[in-house]
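Enquirer: Go by the hints and put chain B onto chain A.
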Amino acid sequence: MTQMDVTNTTETPTALGRPIRRKEDARLLHGQTNWTDNIQLPGTLHMAILRSPMAHARITKLDVSGALKMPNVVAAYGAAELGDLNGSVPCVWPVTDDIVMPGFPALAIDKVRHVGDCVAVVLATDAVHAADALEAIEVDYEPLPAVVNMESAIADGSTIVHDDKGTNTCYVYNLGGGYDEVAAKADVIVKRRFINQRLIPAFMEPRAVVAAPMGMSDEITIWTSTQIPHILRVLLALVTGIPENNLRVVAPDVGGGFGGKLQCYREEILVTQLARKLGRPVKWTETRSEDMVATHHGRDQIQDIEIAATSDGKMLGLKVTLLANMGAYLQIITPGVPLLGMFMYPAIYKMDAYDFKCTGVFTNTTPTDAYRGAGRPEATYAIERIVDELAAELGMEPMELRKKNWITHEEFPFTTVAGLTYDTGNYEAATARAMELFDYDGLRAEQAQRRASGDPVQLGIGISTFTEMCGLAPSRTLGALKYVAGGWEHCTVRLLPTGKVEVVTGTSPHGQGHETAWSQIASSVLGVPVEDIEVIHSDTGRSPYGMDTYGSRSLAVGGQAIKKAADRLVEKAKVIAAHQLECSPEDIEFVEGVFRVKGDPEKVQPLAAVAFEAFTGHNLPPGVEPTLSAEATVDPEDFSYPHGTHLAAMEVDTETGKVTLRKYVCVDDVGVQVNPMIVEGQVHGGLAQGIAQAMFEGASYDEDGNLQTASFADYLLPSAMDLPSFITDTTCTPSTTHPLGTKGVGEAGAIASTPAIINGVVDALRPLGVTDINMPAAPMTVWRAIQAAKAGGAA
Amino acid sequence: MHISVTVDGTAYQADVEPRTLLVHWLREGIGKVGTVVGCDTSNCGSCTVLLDGRSVKSCSVLAVQADGSSVTTIQGLSDGNEWHPVQTAFKECHGLQCGYCTPGMVMSTVDLLSENPNPTEAEIREGLEGNLCRCTGYHNIVKSVALAADLMGGSTK
Numbered sequence: 001m002t003q004m005d006v007t008n009t010t011e012t013p014t015a016l017g018r019p020i021r022r023k024e025d026a027r028l029l030h031g032q033t034n035w036t037d038n039i040q041l042p043g044t045l046h047m048a049i050l051r052s053p054m055a056h057a058r059i060t061k062l063d064v065s066g067a068l069k070m071p072n073v074v075a076a077y078g079a080a081e082l083g084d085l086n087g088s089v090p091c092v093w094p095v096t097d098d099i100v101m102p103g104f105p106a107l108a109i110d111k112v113r114h115v116g117d118c119v120a121v122v123l124a125t126d127a128v129h130a131a132d133a134l135e136a137i138e139v140d141y142e143p144l145p146a147v148v149n150m151e152s153a154i155a156d157g158s159t160i161v162h163d164d165k166g167t168n169t170c171y172v173y174n175l176g177g178g179y180d181e182v183a184a185k186a187d188v189i190v191k192r193r194f195i196n197q198r199l200i201p202a203f204m205e206p207r208a209v210v211a212a213p214m215g216m217s218d219e220i221t222i223w224t225s226t227q228i229p230h231i232l233r234v235l236l237a238l239v240t241g242i243p244e245n246n247l248r249v250v251a252p253d254v255g256g257g258f259g260g261k262l263q264c265y266r267e268e269i270l271v272t273q274l275a276r277k278l279g280r281p282v283k284w285t286e287t288r289s290e291d292m293v294a295t296h297h298g299r300d301q302i303q304d305i306e307i308a309a310t311s312d313g314k315m316l317g318l319k320v321t322l323l324a325n326m327g328a329y330l331q332i333i334t335p336g337v338p339l340l341g342m343f344m345y346p347a348i349y350k351m352d353a354y355d356f357k358c359t360g361v362f363t364n365t366t367p368t369d370a371y372r373g374a375g376r377p378e379a380t381y382a383i384e385r386i387v388d389e390l391a392a393e394l395g396m397e398p399m400e401l402r403k404k405n406w407i408t409h410e411e412f413p414f415t416t417v418a419g420l421t422y423d424t425g426n427y428e429a430a431t432a433r434a435m436e437l438f439d440y441d442g443l444r445a446e447q448a449q450r451r452a453s454g455d456p457v458q459l460g461i462g463i464s465t466f467t468e469m470c471g472l473a474p475s476r477t478l479g480a481l482k483y484v485a486g487g488w489e490h491c492t493v494r495l496l497p498t499g500k501v502e503v504v505t506g507t508s509p510h511g512q513g514h515e516t517a518w519s520q521i522a523s524s525v526l527g528v529p530v531e532d533i534e535v536i537h538s539d540t541g542r543s544p545y546g547m548d549t550y551g552s553r554s555l556a557v558g559g560q561a562i563k564k565a566a567d568r569l570v571e572k573a574k575v576i577a578a579h580q581l582e583c584s585p586e587d588i589e590f591v592e593g594v595f596r597v598k599g600d601p602e603k604v605q606p607l608a609a610v611a612f613e614a615f616t617g618h619n620l621p622p623g624v625e626p627t628l629s630a631e632a633t634v635d636p637e638d639f640s641y642p643h644g645t646h647l648a649a650m651e652v653d654t655e656t657g658k659v660t661l662r663k664y665v666c667v668d669d670v671g672v673q674v675n676p677m678i679v680e681g682q683v684h685g686g687l688a689q690g691i692a693q694a695m696f697e698g699a700s701y702d703e704d705g706n707l708q709t710a711s712f713a714d715y716l717l718p719s720a721m722d723l724p725s726f727i728t729d730t731t732c733t734p735s736t737t738h739p740l741g742t743k744g745v746g747e748a749g750a751i752a753s754t755p756a757i758i759n760g761v762v763d764a765l766r767p768l769g770v771t772d773i774n775m776p777a778a779p780m781t782v783w784r785a786i787q788a789a790k791a792g793g794a795a
Numbered sequence: 001m002h003i004s005v006t007v008d009g010t011a012y013q014a015d016v017e018p019r020t021l022l023v024h025w026l027r028e029g030i031g032k033v034g035t036v037v038g039c040d041t042s043n044c045g046s047c048t049v050l051l052d053g054r055s056v057k058s059c060s061v062l063a064v065q066a067d068g069s070s071v072t073t074i075q076g077l078s079d080g081n082e083w084h085p086v087q088t089a090f091k092e093c094h095g096l097q098c099g100y101c102t103p104g105m106v107m108s109t110v111d112l113l114s115e116n117p118n119p120t121e122a123e124i125r126e127g128l129e130g131n132l133c134r135c136t137g138y139h140n141i142v143k144s145v146a147l148a149a150d151l152m153g154g155s156t157k
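Chains as they are written, first to last, in full-length UniProt numbering: chain A, 1 to 795; chain B, 1 to 157.
Just chain A, same shape as in the assembly:
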């Protein structure tokens, strides 16, 4: 096996762009971590939650008094007992003026609307007795018909999830127009319905929350396994009425998120309210079984896609009609997730018209929200699948069809039919490199050979040439889309008296390695060694300004703020250095951590000496205040647009339906890389999740609304046995709208890989008449598609 070259030095100023090993790893590898569930405060009450076993029912009786008689139980509440403290889970993205926004009480009032809905809570002096006491709660349910299927939900006569609203349609959103005109001129129109199935984020660390009132003051500190401590602080203040200045939210070590911890959860509201009410620390840690029904889910769209083209393969227009499953309630950005995809359906292709329509639908299922990629994987799947179907219809080689229609590198910046302006890209370069690494021609030859010989194991080649919009986001754009917050990011850089540096960031990592990468950025500006830089994050008490981590934004937006703040600090320090060196600031240059008088190599002042002067204040220039820090808040000029070409060689046993991923190659263009080791790791993880959607994962409900995949025994997260090693490489067209030239990378792998896999499976089976495979491509699903095609039916 190959061994990674050993590179572990951290000398400046070349910290930027090097695969420096992570600062985070020492504590993570020695079990010296601070997960929220590790926090044990004296006097803590442990909360356990009684959850609905029914998808839709009226609560006809709820009596928690039995629980109060159980050992070690201090309190128990249903919605009635909780009264005004029962806050409503917030949604911050009302996408249309007439959107239907039902209330979402933390504890269900009168009705439950999905399996896992919270009915009552028990607080005991230990978690075991709290859980035991749930059994002593008396609750009667009057079952109501559950609606799980989106098309049924919007049909006349359906059960209504929120009967006071009179409809299961949450909203209808339209964009574009003009498709019908271009379609009328088209030689070829291809229509497909794709099912982008429901997924479960399944971060490895279950959610946990601890809230502690601080002594006799009004302050309350909340430790929670979240991606968004800053946003959560604002939302908890709004929901609970606790003054924002009295709330401190801390995200300690957080074990993965993938969008699933981008949320203001009902459990966070309950723990906060009950700690305040009871005047004691309250703690809740979910079981995995709770997580599967109560953490928001992702994806779940029915996509009707129509593409119009000329007979020689020129794309003319695209029509996208979506049903998007909201689940039973709206959470933080539930309605907006499909809109994050809305701009991406035209992807890298030039065309004249684009119509988009999305209908958000309520069902008796767990609410959906962001999951790695959030809208863009759904869009990328649909466009890359329909392009392959168009190629088949036209009899064109699918890569040739893409080349004929994509934006060429000379055409950037390019404004797409969806209205985005892509700053840079080079699809030709990434594709050429990927095809070379893949041995594209060789595998096509093998495919032809296997087809000719009638090999029972057929070979398919799956292509995905993707781009995405990430680095959320320009605040004005978010405002135009009715999102109620901004997309800026903040950084403060402080130079300490001993020359060490604190970088205070508003991003909130949960596995990405910000402590290492942000140190590299600051090091590259300040010339201070990476190990002398401390990155402070994820605590509203220590890092008061921030918009947190999601949407591949942390480097794309937060990285800009670090660079800008560090540059400003150097400018301030230069004034002091000039005073010390008895010259004008204009005569000074700053190189590798040292101020130098231009043309006089003897006259130098290290940054650390300036730091100490700023601390003592003994000899500062007139008007300069002691201490040395600088801050910057950056609102990004635009999204960033990473892109790449992904290729999958899929072997499909036509007798059993077994699908094997034989080889996976991807070449991603994420612009300038701060730490290529971390970038590659992000790509690997994204690939695994995207491939898992195509091959393994899918949350399914029975017709009564029971989640059938409610544990890790039933929901198939891939293991090491299920995946191959990946062949990855990168090309680099620096972003022109981001000062470091960087683009986002966190979601790219998850966005690109899913259609590559399914295109490969369909490509293997196309000679048999198969034109689609529903995800996940489990053997039974594939085998049935083969049988249906053989019988002459639709796949």
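Note that these hints are calculated values from the structure, not bench results. Please note: incorrect hints may appear among the correct ones.
Output of the computed footprint for chain B on chain A, the stretches with three or more beta carbons under 8 Å from beta carbons of chain B [to be verified]: (1) 478 to 491; (2) 504 to 512.
Below 25 Å or equal to it, Euclidean Cα-Cα: the simulated SDA-like pairs (lysine to any residue) are [claimed, not checked]: (3) B:Lys91 with A:Ser719; (4) A:Lys404 with A:Glu436; (5) A:Lys23 with B:Trp83; (6) A:Lys23 with B:Ala122; (7) B:Lys91 with A:Pro724; (8) A:Lys572 with A:Ala608; (9) A:Lys23 with B:Pro85; (10) A:Lys663 with B:Trp83; (11) A:Lys663 with A:Glu400; (12) B:Lys91 with A:Asn38; (13) A:Lys603 with A:His579; (14) A:Lys658 with B:Ala122; (15) A:Lys69 with B:Arg19; (16) A:Lys357 with A:Asp532; (17) B:Lys91 with A:Asp532; (18) B:Lys91 with A:Pro718; (19) A:Lys663 with B:Ala122; (20) A:Lys574 with A:Gly499; (21) A:Lys663 with A:Gly499; (22) B:Lys91 with A:Ala26; (23) B:Lys91 with A:Pro252; (24) B:Lys91 with A:Ile727.
What you are looking at is a predicted structure, and each value in this text was computed from that prediction instead of being measured. Backbone N, C-alpha and C fix where the C-beta goes; we use that ideal spot for every residue, glycine too.
Expert: Okay, now just chain B, sitting in the frame of chain A:
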């Protein structure tokens, strides 16, 4: 019930409820919070420790079953200054991101390499099948195990 268990070199005496799982006693009984819980169906392997030198999922062992035994957790694998070669290899190969599966992944690797000092990639993947990771896609974990084998004197095939 009364138990005597040595954990990371320290001898503990404790009274536990019969139903207490080893992982819960480790975390809540004696504060060994480096070992974590990731599921409730024994699928994820995050809680893996060594029980008398062999890897076990500590969620599928009762504390009373560990009576008289010796347990090694991630916190006892090395003493702060010295790194176990498996820990070194995981850092070197970026075999972790969020780090939540890492204690279990590292302890399973220690056991895997004691059984098979020269594993092939396929053997590494099979050996770690009981440990789920959501961040890395396993690519760098497999490389980490291979490097650990090299560092420990074996050589991967």
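Enquirer: Now tell me if each hint is right for this structure.
Expert: Against the structure, the hints come out as follows:
1. Under the rule that three or more residues need a Cβ within less than 8 Å of chain B, the assignment of the region 478 to 491 of chain A is violated, with 0 such residues.
2. Closer than 8 Å: that is the beta-carbon criterion, and the region 504 to 512 of chain A has 3 residues meeting it against chain B, so the requirement of 3 holds.
3. Between the alpha carbons of Lys91 of chain B and Ser719 of chain A the distance comes to roughly 21 Å, so the proposed pair stays at or under 25 Å and holds.
4. With a CA separation close to 19 Å, the supplied pair Lys404 of chain A and Glu436 of chain A stays within the 25 Å bound.
5. The straight-line distance between the Cα atoms of Lys23 of chain A and Trp83 of chain B is roughly 15 Å, inside the 25 Å bound, and the hint therefore holds.
6. Note on Lys23 of chain A and Ala122 of chain B: the hinted pairing is violated, with a Cα-Cα distance of about 30 Å set against a maximum of 25 Å.
7. Under the criterion of a C-alpha separation no larger than 25 Å, the hint pairing Lys91 of chain B with Pro724 of chain A is consistent with the structure, at around 21 Å.
8. Simply put, Lys572 of chain A and Ala608 of chain A have alpha-carbon atoms about 13 Å apart, close enough for the 25 Å limit, and the pair holds.
9. A hinted pair counts as satisfied when its Cα atoms are at most 25 Å apart, and Lys23 of chain A with Pro85 of chain B qualifies at roughly 18 Å.
10. A threshold of 25 Å between alpha carbons decides the hint, and for Lys663 of chain A with Trp83 of chain B the separation of about 35 Å lies outside it, so the pair is violated.
11. Taken as a hint, the Lys663 of chain A and Glu400 of chain A pair is honoured in the structure, with Cα atoms around 21 Å apart against an allowance of 25 Å.
12. For the hint pairing Lys91 of chain B with Asn38 of chain A, the CA-to-CA distance comes to about 23 Å; that is within 25 Å, so the pair holds.
13. Between Lys603 of chain A and His579 of chain A the alpha-carbon distance is near 12 Å, which keeps this suggested pair within the 25 Å criterion.
14. Pair hint Lys658 of chain A plus Ala122 of chain B holds up; C-alpha atoms about 19 Å apart against a cutoff of 25 Å.
15. Annotation: proposed proximity of Lys69 of chain A to Arg19 of chain B holds, straight-line Cα distance about 22 Å (limit 25 Å).
16. For the proposed pair Lys357 of chain A and Asp532 of chain A, the alpha carbon gap of about 52 Å is over 25 Å, so the pair is violated.
17. At roughly 19 Å between alpha-carbon atoms, Lys91 of chain B and Asp532 of chain A fall within 25 Å of each other, so this suggested pair holds.
18. As the CA atoms of Lys91 of chain B and Pro718 of chain A are separated by approximately 23 Å, the hinted pair is consistent with the 25 Å bound.
19. Pair hint Lys663 of chain A plus Ala122 of chain B holds up; C-alpha atoms about 15 Å apart against a cutoff of 25 Å.
20. For the hint pairing Lys574 of chain A with Gly499 of chain A, the CA-to-CA distance comes to about 15 Å; that is within 25 Å, so the pair holds.
21. Distance restraint check for Lys663 of chain A and Gly499 of chain A: the Cα-Cα separation of roughly 49 Å exceeds the 25 Å cut-off, and the hinted pair is therefore not satisfied.
22. Of the supplied pair hints, the one linking Lys91 of chain B and Ala26 of chain A holds, its CA atoms being roughly 8 Å apart against a limit of 25 Å.
23. With a C-alpha separation of about 21 Å, the suggested pair Lys91 of chain B and Pro252 of chain A falls inside the 25 Å cut-off, and the hint holds.
24. At most 25 Å may separate the alpha-carbon atoms for a hinted pair to count; Lys91 of chain B and Ile727 of chain A meet this at roughly 21 Å.
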